Each structure stands twice: as C-alpha cells, then as structure tokens.
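K.L.:
Residue numbers (the UniProt record's numbering): 1 to 132.
Simulated from the structure, these hints should not be mistaken for lab results.
Small disclaimer: the values here were computed from a predicted structure and weren't measured.
Heads up, the beta-carbon is just placed ideally off N, CA and C, and yes, glycines get one too.
Hints are supplied without guarantee of correctness; some may be wrong.
What the hints assert, rightly or not - Here are the computed distance ranges between Cβ atoms for each label pair:
1. R103 to A45: 48 to 54 Å
2. D4 to L102: 36 to 42 Å
3. R68 to D40: 18 to 24 Å
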Amino acid sequence: MSADPLSATFAALADPTRRAILARLASGQASVTELAQPFDVTLPAITKHLKVLERAGLVARSREAQWRPCRLQPQPLREVAEWVQPYRAMWEQRLDRLEDYLRKLHSADATPIVATKEKSASRSSRARKPRR
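Using the sequences plus the hints, can you model the full thing?
P.N.:
Below is the structure:
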C-alpha cells in the first residue's frame, strides 16, 4: 500500500472496470475467471486491475486448492466515506438553503401576480382617460 492510502484508493476507483469488479465482489467472493466474464478484456487485463485493487487494499486474494478467490476489503471504502462526509454535509446544507430560498421566491411570486395584474389594469384605464 502507498504512503497515502486515500490517494491509492481514489486512483483504484478511477477506473470503471475496477469499480464494476468491486461491485461484483460486494455480493461475495469470486475467481478471476468469474470476475472477467462480463468484460470484453483478457484474463491478464483483469489480473492487472485486481493488482491495482490489491495495492489499494480494496481486494484480497487467497488460495483454496486450485481456486484463488478474491474478496472485497471494505476498510478503504470506509475511509473514503469518512473523508467525503464533511463535504456531503456541506452540500446538503447548501442545497437545503437553496430550496428554502426558492420556496420563498415561489411564494412571494405567487401572491403578487394577481395584485400586479390589477395594478397594471388600473394604470391602463387611468392612462386612457382624457385629460381635462
């Protein structure tokens, strides 16, 4: 694992094939062959992806006779979630404030529309009266 585990995790998660492999492993362990099935890539390519995931600590491989199952290691994902959490909270607060602001605008716009139409109608009728 690198000196900066969070960077290694983000680098591993940057590739859609590796994210798909992790999604598959979330439902249970699988062999390299099983992991390669949905992709149009070679087994050596999948093995390279697995090595990146292993270096990031996201995947562990073991040996059971001739079967080498891979399994998800969730700890680095927890660390990513913990790192993201303050930003998520900030954006949720900002979106909540935006929603409140838009509601106020909508409610302020909803009532004066009738009054504005009435005012402009009375202005129009006054403007049409001849001056004496």
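K.L.:
Please go over all the hints and tell whether each is borne out by the structure.
P.N.:
For each hint, the structure was consulted:
1. R103 to A45: 48 to 54 Å: holds, 51 Å
2. D4 to L102: 36 to 42 Å: This hint holds: roughly 40 Å between Cβ atoms.
3. R68 to D40: 18 to 24 Å: holds, 22 Å
Taken one by one, the earlier hints all hold for this structure without exception.
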